[in-house]
Amino acid sequence: MKKVLLASAIALAATGHAYADYQFEVGGVYTDGEIANTDFDGLGVAGEFHFDKVDTSKGPLAEASFLDKSSFVNFAFLSIEPDLPNANDIDSTSVGGRFVTATNIIIEADFSTVDAGNNDTDTIRLGVGTYLNDNSDVVVSYSSEEDDNNNDVDYLNVDFHGVNPLNQGASVAYDVNLGYIDTDTDNGYQIAVGGTYYFNTMFGLGLNAGIADVGDTSFDEVSIEASFFPTEQVSLFVMISDGSQETNNVDIDSDAILIGGSLRF
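At the far end of the sequence shown sits residue 264, using numbering that gives the first Met the number 0, and the numbering has no gaps.
Think of the hints as simulated: they come from the structure by calculation, not from any bench.
Hints are supplied without guarantee of correctness; some may be wrong.
For each label pair, taking beta carbons as the anchor points, the in silico distance ranges come out as [as the list claims (entries may be wrong)]: (1) Asn-163 <-> Asn-87: 41 to 49 angstroms; (2) Asn-132 <-> Asp-254: 33 to 41 angstroms; (3) Asp-147 <-> Gly-168: 29 to 37 angstroms; (4) Ser-70 <-> Asp-215: 22 to 30 angstroms; (5) Val-221 <-> Val-72: 29 to 37 angstroms; (6) Gly-168 <-> Asn-87: 41 to 49 angstroms; (7) Pro-84 <-> Asp-153: 15 to 23 angstroms; (8) Asp-147 <-> Val-72: 21 to 29 angstroms; (9) Asp-119 <-> Tyr-179: 33 to 41 angstroms; (10) Asp-174 <-> Ser-217: 48 to 56 angstroms; (11) Asn-87 <-> Ile-223: 25 to 33 angstroms; (12) Ser-70 <-> Tyr-141: 28 to 36 angstroms; (13) Gly-214 <-> Gly-46: 34 to 42 angstroms.
This one's a predicted model, so the numbers in the text were calculated from it and none came from an experiment.
All C-beta atoms, glycine included, are put in the ideal place defined by N, C-alpha and C.
Kindly produce the complete structure, drawing on both the sequences and the hints.
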């Protein structure tokens, strides 16, 4: 079972409250780390186009799209190069979108492919949900993953996200993911939780943790992240993660750092 973890997080604080609506966001990332004593590094780009201008005055700038109930399409590309002789690069490409109706119904669709040189993996994901109120939502999604060797993995997930305002311009965001995993030979589960404390609209610090268990394979990961908007149209981010996978009593450890930034127009 293959998993590509694309994550982003945004670093360091600012004072004042300047707001600028936007419709398009584009950015890039650099990642560096180690898996099973093999070093790797990689570069990626991503973009997001919103059907209407996003109102950024409702809370943290990093949560603007969510709080404004915005509809959008997006894309991402990441290329990772293992530090091994003659090793193939691992290229990940994804396209998708989210549509929010006037009655707060959420419809999501995504397609992603991972090219590992001698084996490709394609994943299709469909989701439907609703805003529970102006600051929280729930989405139920189904994903189907298949590689060139006809290995199939199906996921059924329930995702909760919310942003709660606090005193003096601060707020806290939270995520909860519960998932069922079905492979050709076994089934299992995944659970992930995360939270971000926003000191103001421009600066946030977050902590995330997740576990998964399928048959003889178990996985866990912890990450810390920071986000910073030096201006309302420029974001910087950093995330540090540490994980491990155990299969038949064999442990594979991993760690990574991801840094990057984006511009909003």
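So, going through the hints one by one against the coordinates:
1. Judged by the Cβ atoms, the range 41 to 49 angstroms given for Asn-163 and Asn-87 holds: they are separated by roughly 45 angstroms.
2. The hinted range of 33 to 41 angstroms is satisfied by Asn-132 and Asp-254, whose Cβ atoms lie roughly 38 angstroms apart.
3. Between Asp-147 and Gly-168, the C-beta spacing of about 51 angstroms breaks the proposed range 29 to 37 angstroms.
4. Taking the beta carbon of each, Ser-70 and Asp-215 are about 42 angstroms apart, not inside 22 to 30 angstroms as hinted.
5. Taking 29 to 37 angstroms as the suggested C-beta distance range, the pair Val-221 and Val-72 conforms, at roughly 31 angstroms.
6. Between Gly-168 and Asn-87 the beta carbon distance is about 48 angstroms. The supplied range of 41 to 49 angstroms therefore holds.
7. Distance hint check for Pro-84 and Asp-153: the Cβ-Cβ separation is about 36 angstroms, which falls outside the suggested range of 15 to 23 angstroms.
8. Separation of Asp-147 from Val-72 is about 28 angstroms and conforms to the stated range, judged on CB atoms against 21 to 29 angstroms.
9. Our hint of 33 to 41 angstroms for Asp-119 and Tyr-179 is violated, since their Cβ atoms are close to 25 angstroms apart.
10. The beta-carbon spacing between Asp-174 and Ser-217, approximately 21 angstroms, falls outside the hinted interval of 48 to 56 angstroms.
11. Distance hint check for Asn-87 and Ile-223: the Cβ-Cβ separation is about 31 angstroms, which falls inside the suggested range of 25 to 33 angstroms.
12. At about 21 angstroms, the beta-carbon gap between Ser-70 and Tyr-141 misses the expected band of 28 to 36 angstroms.
13. A hinted range of 34 to 42 angstroms holds for the C-beta pair Gly-214 and Gly-46, which are about 37 angstroms apart.
Figure legend: structure checked against the earlier numbered hints; hints not met, in rising order: 3, 4, 7, 9, 10 and 12.
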